[in-house]
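Novice: Protein sequences, first through last, are from chains A and B. Count the first sequence with this note's numbering and you get residues 1 to 193, in order. Count the second sequence with this note's numbering and you get residues 1 to 47, in order.
Please keep in mind that the hints were generated in silico from the structure rather than gathered at the bench. From a predicted model like this one, the values you see are computed outputs, not experimental measurements. Yeah, the Cβ is synthetic: ideal placement off N, Cα and C, and Gly gets one too. Any given hint might turn out to be false.
Stated by the list, open to error - Think about it this way: if two alpha-carbon atoms lie no more than 25 angstroms apart in a straight line, the pair counts; the simulated BS3-like pairs of lysine-lysine are: (1) B:16 <-> A:156; (2) A:72 <-> B:38; (3) A:119 <-> B:16.
What the hints assert, rightly or not - Residues from chain B that face chain A, not an exhaustive set, calculated with beta carbons under 10 angstroms: (4) 17; (5) 33; (6) 34; (7) 37; (8) 39; (9) 40; (10) 46.
To be verified - Here are the simulated distance ranges between beta carbons: (11) B:40 <-> A:119: 43 to 51 angstroms; (12) A:8 <-> B:40: 28 to 36 angstroms; (13) A:44 <-> B:39: 21 to 29 angstroms; (14) B:27 <-> A:115: 25 to 33 angstroms; (15) B:36 <-> A:119: 50 to 58 angstroms; (16) B:19 <-> A:46: 47 to 55 angstroms; (17) A:91 <-> B:38: 21 to 29 angstroms; (18) A:18 <-> B:44: 14 to 22 angstroms.
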Amino acid sequence: MKLKIEDSELVRNYINGDEQALATLINKHNQRITSFIYSKVLDRTITEDIFQDTFIKVIKTLKKGSYSEEGKFLPWVMRIAHNLIIDHFRKNKRMPKFEGSDDFNIFSVIGDDKLNAEKQLIKDQIDSDLKFLIEELPDDQKEVLVMRIYKDMSFKEISENTGVSINTALGRMRYALINLRKIIEKNNIVLTN
Amino acid sequence: MEKLYSNQQEQAEFNKVCPKTINFLISFSQALYEVEYKNLRFETFLN
């Protein structure tokens, strides 16, 4: 004959140091609590997680001695589980989870074209080095290169602003690039990302 | 009459957590200790 022990007695025994009482409590209510959680979240792994978190809270509260026994152990545990389910959905709402399958991976469609931290640092370094190199160019070439590259002006606009013909502006740009390459080669500078 | 049955039949498929989870909770409980020092309570774990 199986002896049925009340929850309140199991809780009392557990608080008094009987660890086996906890195992009995968990096994006794496993089905009801698991079904309750699963009916809300519909995911086995999440159910296991919430069940675990629920009993971690139960254990901590009982060990702390802050549980007041009013013959309502199961409703109390269900309330904890219910609150954790709400937390789970709140967290998911803030940060929705999308899981791809073998056939489809969302990251193959949505790309992040931003550079990573390391590449961004290298790019900043190259940009800064390049500014120093441009300073080495003759003024007329430097002027055209800055207008074309940094101010994004057309050669027509450059010619109007500098008072030279378009062909001259094109020639100055060409020499600016040739001279930049020479400076880079001469000083063995590596400008790659 | 059939309307009384739940459409979400899948819910009935999972109604008990695995023994691993239960064993973890029992081990967690055995390792957890509350220590009181000068009106302060500390949670400690025994390895």
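Novice: If a hint holds in the structure, say so; if it doesn't, say that too.
Specialist: A quick look at each hint next to the structure:
1. B:16 <-> A:156: violated, 77 angstroms
2. A:72 <-> B:38: This hinted pair is violated, its Cα atoms lying about 33 angstroms apart.
3. A:119 <-> B:16: violated, 49 angstroms
4. 17: holds, 5 angstroms
5. 33: holds, 8 angstroms
6. 34: holds, 5 angstroms
7. 37: violated, 15 angstroms
8. 39: Constraint on residue 39 of chain B not satisfied, violated at 14 angstroms.
9. 40: violated, 13 angstroms
10. 46: violated, 12 angstroms
11. B:40 <-> A:119: 43 to 51 angstroms: holds, 49 angstroms
12. A:8 <-> B:40: 28 to 36 angstroms: holds, 30 angstroms
13. A:44 <-> B:39: 21 to 29 angstroms: Given a distance of about 43 angstroms, which is not inside 21 to 29 angstroms, the answer is violated.
14. B:27 <-> A:115: 25 to 33 angstroms: violated, 46 angstroms
15. B:36 <-> A:119: 50 to 58 angstroms: holds, 53 angstroms
16. B:19 <-> A:46: 47 to 55 angstroms: violated, 19 angstroms
17. A:91 <-> B:38: 21 to 29 angstroms: Given range 21 to 29 angstroms: violated, Cβ gap about 36 angstroms.
18. A:18 <-> B:44: 14 to 22 angstroms: Distance hint for residue 18 of chain A, residue 44 of chain B holds at roughly 20 angstroms.
In this structure, the earlier hints numbered 1, 2, 3, 7, 8, 9, 10, 13, 14, 16, 17 are contradicted, and the remaining ones agree with it.
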